[in-house]
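Hey, can you work out the whole structure from these sequences and the hints?
Protein chains in written order, with the numbering used here: chain A, 528 to 1278; chain B, 4 to 136.
Calculated directly from the structure, the hints in this document are not laboratory data.
Heads up, some of the hints might be wrong.
Unchecked claim - Simulated pairs of lysine-lysine, BS3-like, Cα-Cα distance not exceeding 27 Å:
(1) A:Lys950 - B:Lys34
(2) A:Lys1236 - B:Lys80
(3) A:Lys592 - A:Lys543
(4) B:Lys134 - B:Lys31
(5) B:Lys134 - A:Lys1172
(6) B:Lys35 - B:Lys126
(7) B:Lys126 - A:Lys949
Stated by the list, open to error - Residues on chain A that point at chain B, a partial pick, calculated with CB under 7 Å:
(8) His913
(9) Gly932
(10) Leu933
Here the structure is a predicted model, which is why all the values come from computation and not from measurement.
Every residue, glycine too, gets a C-beta built ideally from N, C-alpha and C.
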Amino acid sequence: MEIQTSGKSQALTDKKLVKVLLVEDDVIDRKLVERILAKSSKPVEFTLEFAENLSAAIEQLSNNKRYDIILLDLMLPDSYGVETVQRVREINPHIPIVVLTGLDDEQAGLSAIENGATDYLIKGQELPNMLVRAILYALARKKETEDWSKTFDAISDLVFIQDKDFTITKANKAFAEAVKSKLEDVVGKKCYEIFHKRDISWPQCPFEKSRVDKKPHTEEINDPHVGIYLLVTVSPVFDDDGEFAGSVHIARDITERKKLEEQLQINKASFYNIVEKSADGVVVVDKEGIVQFANHAAENLFNHKAEDLIGEMFGFPVVAGEVMELDVIRNGKEPGIAEMRVVETQWEDQGAWLALLRDITERKGAEEKLKETIRMKSDFISTVSHELRTPLTAIKGGIALVLDGLAGDINEEQKEVLGISKKNVDRLARLINDVLDFQKLDFGKMKFNLEANDINQIVKDVYETMGTPAKAAGLDILLELDTSLPRCSFDSDMITQVLTNLVNNAIKFTEEGNIAIKTSKTEDVVQVSVSDTGYGIRKEDISKLFNNFEQLGRGGERKTGGTGLGLAISNEIVERHGGMIWVESEHGKGSTFTFTLPIYGTEGLLKKSINDGIREASKNDTKMSLILISIADFDKLQQKLSHEKITSTLQDIKALLQNNLRRKPHRAIDAVFKLSIEVFVVLANCGKENTPKVRARLEQKLDDYLADKNLADKIRLVFGCATYPDDASTNEDLIMKARKLQAIAPVASFV
Amino acid sequence: MLSKKENTNGNKILVVDDEQDIVTIIGKVLKKNGYEITTAKDGLECIDKVSREQPDLILLDNIMPNMDGPAAMAKLKASKETQDIPVIMVTALADKEHITGAQKGGAIEYIVKPFDYTVLLEKIAKVLKSKRK
Chain A
528 MEIQTSGKSQ
538 ALTDKKLVKV
548 LLVEDDVIDR
558 KLVERILAKS
568 SKPVEFTLEF
578 AENLSAAIEQ
588 LSNNKRYDII
598 LLDLMLPDSY
608 GVETVQRVRE
618 INPHIPIVVL
628 TGLDDEQAGL
638 SAIENGATDY
648 LIKGQELPNM
658 LVRAILYALA
668 RKKETEDWSK
678 TFDAISDLVF
688 IQDKDFTITK
698 ANKAFAEAVK
708 SKLEDVVGKK
718 CYEIFHKRDI
728 SWPQCPFEKS
738 RVDKKPHTEE
748 INDPHVGIYL
758 LVTVSPVFDD
768 DGEFAGSVHI
778 ARDITERKKL
788 EEQLQINKAS
798 FYNIVEKSAD
808 GVVVVDKEGI
818 VQFANHAAEN
828 LFNHKAEDLI
838 GEMFGFPVVA
848 GEVMELDVIR
858 NGKEPGIAEM
868 RVVETQWEDQ
878 GAWLALLRDI
888 TERKGAEEKL
898 KETIRMKSDF
908 ISTVSHELRT
918 PLTAIKGGIA
928 LVLDGLAGDI
938 NEEQKEVLGI
948 SKKNVDRLAR
958 LINDVLDFQK
968 LDFGKMKFNL
978 EANDINQIVK
988 DVYETMGTPA
998 KAAGLDILLE
1008 LDTSLPRCSF
1018 DSDMITQVLT
1028 NLVNNAIKFT
1038 EEGNIAIKTS
1048 KTEDVVQVSV
1058 SDTGYGIRKE
1068 DISKLFNNFE
1078 QLGRGGERKT
1088 GGTGLGLAIS
1098 NEIVERHGGM
1108 IWVESEHGKG
1118 STFTFTLPIY
1128 GTEGLLKKSI
1138 NDGIREASKN
1148 DTKMSLILIS
1158 IADFDKLQQK
1168 LSHEKITSTL
1178 QDIKALLQNN
1188 LRRKPHRAID
1198 AVFKLSIEVF
1208 VVLANCGKEN
1218 TPKVRARLEQ
1228 KLDDYLADKN
1238 LADKIRLVFG
1248 CATYPDDAST
1258 NEDLIMKARK
1268 LQAIAPVASF
1278 V
Chain B
4 MLSKKENTNG
14 NKILVVDDEQ
24 DIVTIIGKVL
34 KKNGYEITTA
44 KDGLECIDKV
54 SREQPDLILL
64 DNIMPNMDGP
74 AAMAKLKASK
84 ETQDIPVIMV
94 TALADKEHIT
104 GAQKGGAIEY
114 IVKPFDYTVL
124 LEKIAKVLKS
134 KRK
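Rendered as structure tokens:
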């Protein structure tokens, strides 16, 4: 009692309480066990309940009473031996059972263990020593098993252990759930029966392989009976003798992953389908320039199978954002032209180029045809206009001859009539000139010779020539020039034509008063305006003014002499220069026509020209060399030579440079222009390897010229070259490179 | 306009044009202004006439059958006897390149059809004056 009390007091603190059911019919034995447990000094406290026979025990177990362990006598009034263990196990499959057996019946104990008992004890002298230990051991073992089972069941993968004949010896909860069975129903079944619902093993089961080679294997299994995708790993298990005993079988449900993969596959397939069926060629080129992919349209464009293209160099320059035209072979058709657009992309996790190729052969053909038609039309206009000139010469000459009395005296009336004829012949002549001019502008035939020029000088020149006709019409021309205007780049002949036209119009449409020509500038343009005190223009007519063949009845009265093309031509010329032309007018009070020309600094002009050259070179896949030629110490030169001498020398140098390049018309490359008064720019159609030769040839020609003119000791030229795309690919870099070379050019010959 | 009285020294001008009407009109204008006239209908005849007639000046049309103006001028400039005879190119082609082409070929002046005959006379007088110098 004392011990129990002390035990109880300890239990209140930290002793574990173990509920024991003793199934024993012998009262002495019961007392003995009771005493042993009460005396136990182990860190547990026991509560003990009795059952006199198996029926009572089963009743107690069935009454939902919780016991931690059963101590079971095998010789009960209503049950005997191993059967007793089996009966208890049926009621509770998990509770630890320690069998108490008689001295002479050790065999029964062993057989009890085989049938589910945890341990056995032989009643007798050992019992007091062994009982508590056996109970604690059985509890510990149960806990261990429980822990392991919990872990095993916690695995979400389907796990079971099977022997070498496919019989499942152990399975986890996930497996049981997957086959919709209880765990205890699974054990002992063949895996293919319970899982695949068939009589022989599943043919793709990796276990078949493991059985042969005794190694682990993994397979994806899709059994329509199961309805889910499984990733099955089978690891062989060996017994103590190293013999193959079965396997651990782990199956993971990969249905979701498989679905995603399938969807991805479908997406990929439809993507390929779209790309393959695309009418445009699609080529993927890696950063080394090697073809990684080509679709069907690309196969046709290059007349090669995709497998022949893939792995080969693409062979065309690919630059993101660029659009270029390629000559293509075309399967089953005559060779043609494809337009290629390149964008950056990713290919197999690497940066790559995506080249989209569109067959534009037919479109080009149509364009060519259209161009040809336009050219023919333009040639026709040109021919007709020229053909008109000769008869007109005869008419004009004949009329003038008679009118001037060279063919005999004529009376006043004859003079008047012939005067009208003469006036209209002159008008016809101007019309022909304007039509020709306009047609040339319209078809881009007119060459623009852009150079740094002084607009005030143009105004003065026009003033000189127009002064007389203005005077004849009783009008004064007033000039108001901004002398601080920078030089800007324009074709002087063209701008002279524009200004002459404006002044001419002003004279024609002004009865009395004067005409004012004014120059001024804003931040980025110079501005020239021609004002008159004439009829002015009606508001509704202003918008039509710059259209072809629009001649307005200014002030309701149409003055003869105009073709209606003059302003259209002027508009075209100004716009080609990057400028604008407009009119402000008040009906009855006069009009002011103004046009602007952009001020490209010399840098701007240089960059614009080089950009044109680069564009042309990249379009034609050729190279271009920038050659800068400057006159060294130009300031000092101006002190040594007269202005006229310098001007004529500069003109000669430019002509010399031009004559020594094989220039084709209308090209940005092979161009020579003056950047500023002492700097010449040559854009030569040659690569890096030939640039020294070109440069040497130019230098030789210039040296010869200077020697010939006795200027060799006065003028020294400094060269600087850079080639696109070898040295640099942008205009800034090209200029920088060429300038650098100029800066370090030797100065020995001229000090 | 020059008057008939102005001294033209009876200079002989070769008018070369395939258009007979032009030749007639120019011929009349020149004759009325005191020049002596000889004519040719194309480049070939021009070369032939030049050696026989020894004109002081040639008015040479650009586009002609058989031999055109530039070809005839090349022949004239290639021969020692004829290279110093001044040539005024008469052209219906007013393009810059044709004009510079004519100058490069050796024409001392050019005049674009249709022209005022007063301008033609001025040009002729100018050329002959500088030749005398």
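Now the hints, each set against the structure:
no.	hint	verdict
1	A:Lys950 - B:Lys34	holds (25 Å)
2	A:Lys1236 - B:Lys80	holds (25 Å)
3	A:Lys592 - A:Lys543	holds (18 Å)
4	B:Lys134 - B:Lys31	holds (24 Å)
5	B:Lys134 - A:Lys1172	holds (26 Å)
6	B:Lys35 - B:Lys126	holds (16 Å)
7	B:Lys126 - A:Lys949	holds (21 Å)
8	His913	holds (5 Å)
9	Gly932	violated (9 Å)
10	Leu933	holds (4 Å)
Checked against the numbered hints given earlier, this structure breaks only hint 9.
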